[in-house]
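Chain residues, written in single-letter form:
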Amino acid sequence: MSTQYPALIVIVPLMSALICFVVGWWNRNFCYKIAVAAIAVSFYSSVVTMKDVMANGVIHYWVGSWEPPWGIEYVVDYLNGYMLIIITFISLLAVIASKKSVEKDFPEKAPAFYSIFLLLVTGLVGITITGDVFNVYVFLEIASIAAYALIAIGKRDHAPMASFNYVIYGTVGACFYLIGVGYLYMVTGSLNMADLAKLLPDLYNSKVVLVGFAFLLVGVCIKMALFPLHMWLPDAYSLAPDSVSSLIAPLMTKVSAYVMIRIMFTIFQPVFSFEMLPVGSICGWLAVIAIFVGGIRALAQKDLKNMLVYILVAEVGYIVIGISVGNRIGLTGAILHIMNDAAMMACLFLIVGAIAYKTGITDITQFRHMNQKMPFTMAAFTITALSMVGLPPACGFFSKWYLVLGAINANQWVLVVTLLISSLINAILFFRVIEYAYFYPHPEHGAEEHVHATSHGHAEIVMNEAPLSMLIPILIMATLILVLGPFSGKIISSIIQFAIPAGF
Amino acid sequence: MDFIIAKYNYWIYIILMMIGFYAMIVKNNLAKKVVGMNIFQTALILLFISTGVKTGGATVPIVIGDAHGHAIPGTLHAIDYINPLPHVLMLTAIVVMVATFGVALALLIMIFKRYKTIEEDEILEIRRKEAFT
Amino acid sequence: MEVVSSITPLLTVLVSAVGACLILATGERNRNLRESWTIIAAVIKFALVVSMVPLVLEGKVIEFTFINLAPGLPLQLKVDPFGMLFALLASTLWIATSFYSIGYMRGLNEHAQTRYFFCFAVCLSATMGIAFAGNLITFFIFYEILTVATYPLVMHMETEEAYLGSRKYLVYTLIAGVVLLFALAVIYSMTGTLDFTPGGFLAGHGIHTGLLIFLFVLLIMGCGVKAGIMPLHEWLPTAMVAPTPVSALLHAVAVVKAGVFGTLRIILYVFGPILLHDLGVWLILAYVVSFTIIVSAMLALAQDNFKRRLAFSTVNNLAIIILGAIILTSNSITGGMLHLVNHGFMKIALFFVAGAVFVKTHKKNVSDLDGLGRQMPLTFGAFTICALGLAGVPPACGFISKWFLCLGFLEAKEIFFLIVLLTSAMLDIAFFGPIIYKAFFAKPKPDVSPHFDEAPMLMVIPILCATAISVMLCVSPNAFVHVFDIARMAAMSILGAG
Amino acid sequence: MIRRHEDIIIESLARFLTPFIQAFALYVLFLGHYSPGGGFQGGVLMGASFILLVIAYDIIEGKRRITEKFNIVLNATGVMVFSGTGLLCLILGGEFLDYSQLAAILPVGPEEARGLGILAVEIGVEITVAAIMVSIFLDLASAGEHEEALK
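Those protein sequence lines, which keep their order, are chains A, B, C and D.
Using the numbering used here, the final residue of the first sequence is 504, and nothing's skipped along the way.
Using the numbering used here, the final residue of the second sequence is 133, and nothing's skipped along the way.
Using the numbering used here, the final residue of the third sequence is 498, and nothing's skipped along the way.
Using the numbering used here, the final residue of the fourth sequence is 151, and nothing's skipped along the way.
Please keep in mind that the hints were generated in silico from the structure rather than gathered at the bench.
Be a bit skeptical, because a hint or two may be false.
[As the list claims (entries may be wrong)] With a cut-off of at most 27 Å between alpha-carbon atoms, the simulated DSSO-like pairs for lysine-lysine come out as follows:
hint, chain 1, residue 1, chain 2, residue 2
1, A, 198, B, 54
2, B, 116, A, 155
3, A, 104, B, 113
4, B, 7, A, 155
5, A, 302, C, 168
6, A, 358, A, 104
7, A, 33, A, 302
[As the list claims (entries may be wrong)] Selected chain D positions facing chain A (Cβ under 10 Å, derived; list incomplete):
hint, residue
8, 76
9, 80
10, 90
11, 97
12, 141
[As the list claims (entries may be wrong)] Part of the chain A face toward chain B, derived, beta carbon under 10 Å:
hint, residue
13, 66
14, 78
15, 142
16, 152
17, 160
18, 186
19, 189
20, 272
In this text the structure is predicted, and so the values were computed from the model without any measurement.
Ideal placement from N, C-alpha and C gives every residue a C-beta, glycine not left out.
Next up, chain A with everything else stripped away, as it sits in the complex (with noise of 0.2 Å):
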């Protein structure tokens, strides 16, 4: 049976999605521990074959048996084995985070939203494990799908708009991906990934594989909302529900960047994108102009969520440079903060979730007290925060490290310097929210000789904590921010440094 864990990873939480949709009109409550319970098992069965793919190398699964190239195949290797226990965790987090903030925002539409949750949690899972370009449209189509209905789902103004927007810009994506996939069928006749990568090196020099190479990154770069193409992004992600945003924010980028690594290094080889074609320069500078709009833009915004979406423009320009700079320890860095972006991301949506919840406060510059208010999310945020300025022990910090490294090693010293500036300005985001939150000018004395009339100034404040529910997923993130950074030697030494194509 333990063969047959990578189907389940995908199968359980399509199958719950449908038996949510029919037992919701029986009774909503089942809803939540349904999704609660298919995303916990899918997590459990990535973790096994994790645990699978580093006793036994990586796991070929045939789905119906069809030997590859003609049917389908799921393959787990290091990087995607990685990359499903990252996405069912958060999922699993964000899915019980969702509890009450669904029964407050829209309790009639809880089958709804929880099964397009378990859709969305399953095409994520589905366009990691497969290693099967088309399947990969497919399953990025679910998930994209589901992600334009849960935008909307939330009834809030303009959500619909942003989420039409979205439509439009994700379908030219996917289409451009497809395309991408027609061409390389056309020339090598397989769309299995291994077949590929076998068949197109005797064909690098041909214009249709370049073509083919061409709309299948930027189909994903869409997806990923890389610089020129992320105007999507902001209004769709800030509009969204906070049970939404916390799960689509961190994951989806982050996925399509998984893809783009699986194009770039598994079906194309590195010769290919990086020394045939000037791929890596391009999405270098790319990637610098995201982290500098992302930042300045971010900087400009009042509301915590608008300036979080912003920063995860910038962050995608993060993973993005370390793809580009084309060398092993900079790829290190991109797949470790991939880690990390996603469980900060997470942290922060899920902390930005539970203060909406809680006060319905999202302007920063009503922060204030909010360390009395809620001590545990604020000391959650603060944790965040430090590792978003990458400052140690924080994960934040080694992820910079090994992207920084990269980029010196590759002689990119504009990409250092930019690494290094946006933490700066990381840095001025972060405490600008903090001392909002936990320091509150006295205006009634301006100098130290009055102290005494400030000395507990502010006793009324009530502590009025997020519901455990909440609480409890955002703390498991905090913790998991300060574990990671020190692990990340161990994280990188038993999986990273195979999930990288060997001889780069």
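Position chains B, C and D relative to chain A; hints supplied.
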């Protein structure tokens, strides 16, 4: 010229795709955007189907077998059958298309309910007004 | 020198971290318990540090490795003589400071005391980490933790100027951190190691000279910000808005000392005497530093605010320490390291005095001190001893360190720097003299009570202790913890290797 | 919104056509093995037949025929049949969707079993596609209001 004739299906696919793309980018009416989106995807289907065709009387790949469903030896020649895979892929693509189409239309309805229009510039105008007030 | 693997260094670091958590858990509900956590942690830490002294004296190196970040890049704690010196200083002073800050906070009935004590404990953890860091990356990590943990302390008053002060502090230190990180990354990718080695490890990796000089500048900038080297000292006086124990901590124990410590590490353990001589950068740094010495002393003269005056004197003394190290003779290095310790004790006493005066009389300007000596004889007695000590006058320990500095300078035939040193001593007298004079001999202001009326004992006792220790360090520098031998060993190890 | 026109010709014509269309849909479904056709096409036809009715009459009438809830259930069951078959294979110890495993419970050989398994999947697909067509149409035609119309 001859080049164009020989590959006419690809040219049609490109033209269709450009039409759809144009509509998605330029059209001000969101419904037209959606229609453009569909044209775009249809063009794609044409592309894939074209990769499957074989000239010279190739037919659907259904093996005429004997009573037990075993193929009769000597009747199997790949040349006689068109490649079914692209069609299958496109079936899936169509499903995806329909789903996207449905979601897009549903969103359009929500948008119309909210703004009482589906002209993009008017919507943006409304949003700008509301941002000020 | 042989290596002993032990968990003690880790414990030393963790003690105050655990203490911090306990403090946070206790909170305002039970103040005595909370404060007692602070004290307990401080004492345990001190005990742990002292327990490692004998091993260090035997010339052993105590080592503890958490985990490897990457090949040749472990998170590692290593107790060598120099680190031990700093650890002794910090852990001793933490005890004094905790008692004192309890007195201060209660005396003024401050707000947000839990946050205060929490951050304080975290700071000390970070300082220990810095002291025992075995390589640059570990050093950097604790250095950044220190930065973050100090920020709320500077912000403590939450007044407008506190905002400005803390923001300025943050801007300076964070930028410094980024610069440092950059340098680290370059060095690592060039050499593949970051371990501190006596006498430096950068030599012989075939790094281009220009790049080496560039790296030196970056690293010195990175640490120099906290060390308050002249163009980068700007944040120090503005950070004076913090409560006095914090300033004491900032200036005598943790932050600036961490900066100086880092600078010395870089000079002596990363680049090393030989490389610095080959590059010739040592001379430039020496000139910059001596400029700092003179100018900061001048500025100190101009300050009326008691604490700001002390702040500039701090800048001055830090520069002296660095000068001692950069002259690169065994005596000067010893002197520098000794001064690291001695200045710590004397300066903290001075700050305590400033704080005591403020708590007692809410005076913070030098010009208002007239006649206070009669009211607070113990306090100002201590002040006199330590102030003179800073200037290099016995019986306080400043004399010892400056003596060795002078010896070192003579040894290296650097008469110019000798003159600088002596001039600064003069200036010390010049800006401390008036305070002493006013305190004891000037005609009392009407609001000064003529008879004995001291600050709370909880504050006076630490002052006296600090003073006593400084005197003791002068009379017998080798009393129980052998500060002198340790400094000597450190200097020898560096030059021996060099 | 689709209003009722009370047009006798259209209505009776629609009523007359519907069963034929549905029969043809089934034909297409089962012919899928031997000629072009299969679940998708059949499903679309099946859905279309119902949509024809709704257009000829109006949504309220349509509701009377297939309630929202019933439609949802159809929806889910379709996919259930499909993925359930796959899961059954998985339970029988094969890979997911490996229909040859069904030979264990069916009185036929693995090849036949594959054929039958695919047939089951096609049926599932047909149901789903039909239901989805209908629900998309109803949702859009009634501008998402028909849930309220139910109450």
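Against the structure, the hints:
{"no.": "1", "hint": "A:198 <-> B:54", "in the structure": "26 Å, holds"}
{"no.": "2", "hint": "B:116 <-> A:155", "in the structure": "16 Å, holds"}
{"no.": "3", "hint": "A:104 <-> B:113", "in the structure": "23 Å, holds"}
{"no.": "4", "hint": "B:7 <-> A:155", "in the structure": "48 Å, violated"}
{"no.": "5", "hint": "A:302 <-> C:168", "in the structure": "22 Å, holds"}
{"no.": "6", "hint": "A:358 <-> A:104", "in the structure": "11 Å, holds"}
{"no.": "7", "hint": "A:33 <-> A:302", "in the structure": "36 Å, violated"}
{"no.": "8", "hint": "76", "in the structure": "4 Å, holds"}
{"no.": "9", "hint": "80", "in the structure": "6 Å, holds"}
{"no.": "10", "hint": "90", "in the structure": "6 Å, holds"}
{"no.": "11", "hint": "97", "in the structure": "4 Å, holds"}
{"no.": "12", "hint": "141", "in the structure": "19 Å, violated"}
{"no.": "13", "hint": "66", "in the structure": "12 Å, violated"}
{"no.": "14", "hint": "78", "in the structure": "29 Å, violated"}
{"no.": "15", "hint": "142", "in the structure": "8 Å, holds"}
{"no.": "16", "hint": "152", "in the structure": "6 Å, holds"}
{"no.": "17", "hint": "160", "in the structure": "4 Å, holds"}
{"no.": "18", "hint": "186", "in the structure": "5 Å, holds"}
{"no.": "19", "hint": "189", "in the structure": "8 Å, holds"}
{"no.": "20", "hint": "272", "in the structure": "22 Å, violated"}
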